[in-house]
Each structure stands twice: as structure tokens, then as C-alpha cells.
Amino acid sequence: MAEADGTALRFAVLGPVRAWRGEAALDLGSPQQQAVLATLLLHHGRPVGRDELLYAVWGEELPASAVGTLRSYVSRLRRNLRPASGTGPLVSAGGGYALETGADALDADVLEDVLTAAGRARSAGEHRRAAELLVRALDLPQGTPLAGVPGPFAERERDRLAELLLGAEQQLAEIRLELGRHTEAVPALTGLVRQYPLRERLTELLMLALYRSGRQGEALGAFLDTQRHLDDELGVAPGPELQSLYGRILRADPVLAAPQPEAEPAAIAAFAPLSGYLAPRLLPQPPAGFVARNEERQQLDEACAEDGSRTPRLIVVAGAAGSGKTSLVVHWAHTAADRFPDGRLYADLQGFDPRGPADPAGILHAFLRAMGVPDDEIPAATAARAELFRDRIRGRRLLVVLDNARCIDDITPFLCDGGPARTVVCSRHALGGLVLREEVTYLPVGAFTATAAHELLRQRLGDERTLKDPKAARRLVELCDFLPLALSIALARLVMHPQWSVADLVAELEDEQARLGALGLSGDRSVQRELGLSRRHLPPAAARLLPLLALHPGPETDALTAAVLLDDVSATGRQALADLAALHLLTESRPGRYQAHDLVRLYCGQLLEEELTVRDRERATQRLADYYLAATAVANTAVFGDPLIPFPPVGGPPRALPRIDDTRDALRWWGPEAAVIRRLIDICAASRDHERAWRLAHNTAGYYACTDISAWLECATLGLCAAEQLQDPATSARAHTLMGIVLGQLDRPREAQPHLERALRLHQPGDRRRILTTGMLGSVHHDLGRADLGQQCFAEALETARATGDAFMEAFVLHRMCMADMAVAPPEEILHRARHVRRLLAERPQAQMALGMLGFEAHALDRLGRTAEAESTWRRVIELSGDAGDDHLHGLAQSQFAAFLESHGRAGEAAAHLDVAIALYRKREDGRTVAALTRRLTTLGPTGQILG
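Number 332 in this note's numbering belongs to position 111 of the sequence shown; there are no gaps in the numbering.
Bear in mind the hints are in silico, worked out from the structure with no lab data behind them. These numbers were taken from a predicted model, which means no experiment stands behind them.
The calculated lysine to any residue pairs, modelled on SDA-like cross-linking and capped at a C-alpha distance of 25 Å, are:
(1) K1144 <-> A932
(2) K689 <-> D732
(3) K692 <-> E729
(4) K1144 <-> T928
(5) K689 <-> E376
(6) K692 <-> R714
(7) K689 <-> A285
(8) K1144 <-> A895
Please build the complete structure, drawing on both the sequences and the hints.
Structure, rendered in C-alpha cells:
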């Protein structure tokens, strides 16, 4: 149907399905509606029956509403395609529908017409005319044909059109070789062979182009690559034509010499005169099955927008090996082709290839040839070629994609010096030096989201196979770490084994020893290989750290623990972690703390087994345990005001320790490390290193006393078991004392008593821990109603502490005495003890006991009727305990102050402080205390339990 100029309809299916009236794009609706339009378009005006359309869109499994839905789609298409006046091109015909379009209205028709003309020109010996037509034909596609369109008809047509385009690429390469343009043919052929490694004719053409370009070794390597692919994938040898060419290249057969290039007529745009410019089209084919990445594609669009604002000339797309960087950029580059009318260039810099990086001079030569610069005008020196390249692209809207860059030096020769050209760099390295530049946009590419991963499953496996066992599908994605490469390999294995269920592969991947091996295909493509290529480019310390990380039992590592594993200074550990993160082998989850994803963790474990002896592993684990022993001793001192047992590390002091000045520092450091220390206790015990196991268990006191008494009991029990294995009375005495303290804190005095009494029998004369044990036993006797025995223990412990000048132990005993007789002792005596203890601990005003005694002071002042002083003291307790970061003590202070306020008739204020206390205990997941405080919201009175 012809329409007036400026209102003609145009349609495109060589990419996403699109339509325009004049220059205005039309809304084509959902993918299924686009499938209806594509089916009608590709029947070229012939009527398509209703049943045929239904099958084209939905296949055999029609939804119940299919007929009605089809009518709706046709109605909407009619409305959108109809001109302002007159009838539209979509008409009812023969029990179905037909779409009447004008000549050259559909890009696929134009493609077939041009290819037919090219075939006729080549048959007539008009090779240049044929090349011109083929270049025109290959400029038509804007992505995968019928991209995103569902249905069996679209799938069939997608394959047909893709085959047409591949045939055109092959013909153009053959003609270029016939015309002596072998160097120009190499980049496109390299991409085609990589995409279609089993097509022997493409390999033949690439080998011939490379050989004629003076690259005999690479030509032979191309044969060997194809030979390996054929053997791995099909179990066959190369055909006789390819084998014959291989032998002739080995012999340097003169018949293979390049023909003499003919003079170029200026009229042919595809082979322009010396001063002309060609718009190069060197992008690889768009990736099949591309999913999601909408946010990243939008960021690329914004980075390349021409909206008059200052836009960056360089975009760095960085991510781990196998994260899908190249697929993202190539897919986006095809969809954004209209933004770059002066061409799109692509080069694989091979920065991480084991054979070494690509030669920048060779890439620049290919770029310049693709832009129409003859060989004899291309200088020999790399710097001169780079200058000519910048001159050729100056002022042009051109896109340059540089893939697999290893470092800044790799890309420097290709960077433009201003203007509308844009360069997109893909790298598994962060390329931090580039990101410092103001004109650079940094786009990190991470793993798939769950939605994108499951969309890929549905694309590759189909809905039936994916939805049959959704739990297995979710687990498959998790086991692949949401990594596109790992997931693609897993799905490829399922596609090649249709008899497998998703659960079958999941069962194989659940085995951590086998998982990395299972995520690989015959040949070179595997997760393990990609990780290995990244490791090859690490500095020595980072490469050495990678296997050692498998010995770290926690999810995160910092510079100090990395240095301990390396047996080096902290600066080396910090740099090694930064180097690993730069190559995306680790992620900096928060400042200074790094973690590895599961597949990297398994790779570290594999390297550990392969590269370190058992003795080396033992030494590294012992260094790690000694570091945590020293660090927890510092943290305990901050919390308690004294290390209690100044354990020296078994293997000597570490080179550096965390800076811990007060309780807040201690708890902030301890938070992420507590689980690591707990696991190290198990590791040391399992390896029969009972000395370190016991000491680590003991040194958890400062953390669990402030956070989780029940978990403290578990560690104390492990410590006692390890201590008993050492058969040392002094060690056993300390371990039993610790058990007694923890059980006492849990209000289990009957269980605490035998441990404390056994400890007293085992203590050596002069051991200061005997004071601690005796004082704690005094508290236990009081809790059991034996006040006289309790007072005897307190008196003995206090006398020993004062006789030995042990200020901390004196403070401890006085603290236990206040707890025991708070309700019966005169308030003047409690006030005196509290202030005396705070003087003893003056250097540690935020230590647990110092804050606790300040609470006792507030209670005593209240009992003495000095209400204003009591309130001021309570507020000071709340302030200091909050500053200390001790949620347990802070919660107690808030609840006790609430009781004080309520007792003075200030219920509203009391409720507010009690709410704060409940929130703090809820944060600690202490449900029992939360329930108790909630019940007593309006009835709490002074109980004397501030230190309970």
C-alpha cells in the first residue's frame, strides 16, 4: 500500500521488531503482538489463516483465550498502523489476515534483494560491485533478527535470517581475499570463527587471510583450534579441504600467495579512495539469549547521550571473569548503532590470554583499514598509527569497544582526544587509574539478579523443564553463584543432556569437591580456567595469598589477617587484598573488609591442596590463631580493664594488631570476628592443638559477656574440654573458673559451685586467678542463701588482693560484694565501695565494672534521699554505656533508670527509657528479657540488678 511521502510505513525485523511512519516510531505492543506482526510481514502480503497465526505465536499449547487475544492483537495493530485518513495496510483476507506493504518497506526484503544482486554481480565477475552490495546488506541488521519475539515461526525465521547474514559475511570475506584485501578480512573472520568454531569454511578463509598477512603461525594455530573443537564437540577430524590447506601453509605453497590488489574506482563507497572515510562495522554478532541488564544498559545509554551536557568519552565496564561484560556491551552496541553513524569498532585486546596480549599495532592496522586507509598509507610505528587513528576519528560519532583490557597501557593507543567518539573498555581488572579521570564513567558489572538468572533458565531450558522443579532451579542458580558464565555452562550441559533433570545437575554441583570441575565444557571454557587466567596476572603477594585464604574460616578478611597468613607486614596484606579485589577475585564488602564468592572460595581451596604442604597449612593456621589470641587479649583489656590472663601467643607476637582503645572499639572489632574465632577453636581442637583451642575459648569472655552469655557458655565448655586434654593443673583451674563465672552469670549457682571449688583445689600458690575464683565463689554462696560462707570468701579474696597490690582484683571483689548485699548493706557503705572501685579503675572509666559501680552509686544516692544526685548519676551511666557500645549494659542502665523514674512518679519518662531498653534487647535477639521488660513496663522498681 503506497502512502504519501513522509508518511510511508517502514518495518524492521533484523533486530528488535520496529515500525515507523515517516520518522515517528510506532508502538507495537507486547512480544506476542510483535510475533503476529512479524508473521504477517514475513508472508510478504500473502494471507495468513487464523490457525496458522495461532500456531506461529503460541505453538501447540494454546492458552484458552488465544483466539480472543489474537483478535485483540490484530485490532491494536490495525489501529496503530492506520494512517490519519483512509484504510490501513492490515486487512482481513481468506479467513485470516494480510499485511500489504510498499516496496522496500521491510528491511528483510531489502536484505534479500541486495544479496540476490550481489550474487549476480559476483557471478558476472563484478567482484567490487558484489563487495559494495554485501557491505550494504551487512549494515542493515541492528541486532539479533526478531530479538525477543516468541513463537515457533519467529524462531524458524530467526535461524533463516541469521544464516543469510552469515552467508553474506562469508561471501564478503571470500571477495576481499580475491581482491587482495586479506588484512582487511582478518578482524571479521576472527570474530566469525570464534562464534562458529565448527564451520570449517570460515576457518579456511581465516587461515588464508592470516597467512597472506604474514602471520603464518597464527594461521596454523587457527587450524589447531578448530581441530580441537571438532574433536571435543563432535569427535571428528577436520575435512580434507582444511587439512590440505594446513599442509600447504606448512610448506609455504607459492600458490597461496595473495593476488595483486587492483586499482580502486573512486565511485565505490565500500572501497573508498585515499582521502575517503568508511564507516567501519567490526562488532561481533550480538550474543544469543541475552537477558536483563536493564540498569546497566540504561547507564551505557546515559553515558553516551548527546544531550548537550558534558558527557564522558570513556566508559569502563569492569567485573569478574565470566560476569557477562562482553555480552552486555556487544548487545548494547548493536541496539545503540543509530547513535554512532560513523561506525562501530571492536577489538579483543587479549589482556588475560595465556599467549599474551594482542599487538596494538596490528589492531590499529585493522581499524585503519576498516576506515578506508590503504596499506601504503599506514605507518609502521605503533605511535604513528595511533596518531593517524585519532586523526581519522576526530569529530566523528564513532564507537570503539576494547575488550579484555588488562591495564591502562593496553588501551592508551586507542583513546581519542576529544569530540563525539566514545570508547567502551571491558576488563576484569578495575582499572582504578582510569577511573580517577573526570571524563570516565565507571560501570561495575556483577552477578545476575535472581530474576535475570531465572529468565536465562527459561530461555535455554524452556518453561516446562524450568518450572517442573522450581526448587531445583533456584538451587542451581545459587550453586552457580549467579555468575553468568557458570550458569551458561551449567545450562549448556543440561541442553546437551535432555534426559537429565535440573535436580540431577544440582546433585552433582552440591559436592564442593566436584563443583568447579562440573562447571566446565570440553575445550577451554570453564570457570576454573577463567579464574586461573586472572590469577596469572596478580602480583606475587596477591597470588600467594589466594590459596591461603582457604584457611581463613570466616566470610571476610582484612589487611591484618591477610598479613598474618602471608607472614608479612600489614601493608603487604592490605595491598594483596586490594590487588585481588581489583581483579574481582574478592569483593570489598565494606571499607577494609573483603570477601570471596563461593566459586572463588572453592578455587582457593583447590589451590591450597595443590600448592601448600600439610606443614605449611598448619603453620599458617597457627599464625592466625596466635593473631586472634593477641587481638582478643587487647579487646578483653578494653572491656574489663584488665586482660585477666595475659596469654602470650604460642608462636610469638604478631607483627601488628587492631587499634582498640575502649569498649566500643573492642565490640566493633569483635562483631565480625566472633564467628571466625569460634570456628578457629574447633579447628585447633580438631588438629589436637589444645593449647590454642583453650586459650581462644577463654579469650572470648570480653565479647560474650557484653552480647550473648549462652554462647559464652558454649565456648567455655569447649575451652574446658581442651584444657583437660593438656593435663596441666594451672590450666584446668583457669578453665573451671571460667565455667563457674559463666554459669554464675546465667543464674545457675548450683552448677557453678563445683567448678569453682575444683578450681581452688587446682590453683597454684600466688596465681592471681585464685582471687577471681574465690570472689566468684562468694557470689555463688550468696545466691544459694549461704551469706556467711559468701562473706568469708569475699574477705579472703579482698585481703589477698590488697596484700598483693592487685587493684583490678580488689575492684572485682568489691564489685561482687556490692552485688551480693546491695539490698541489706547500708547505702553509705555501698556508695563508699562504688566510688573506691571507680578510683581503682580511673584509667578505664568505660570498663564494665567501672560503669557497673557507677550504677551502684546511683542506687545508693537514691536510698540516701539524694534524688537529684542519683538522677544525674543515672544519666551519666546511660551516656557512658551508650558511648561504650555495650548494648547489654546500656539496656540495663536504661531499664534501671526507668525504674528510678517510675518510683518517683514520673511514669511517662520511665516508659520512654524502658522502650529504649526493649529496643536494645530486641537488637540483641534476647526475647526473654524483652518479654520481661514489656511485662514490667509500669511496675519496675529498683532491684539492684544493674550488674546481674
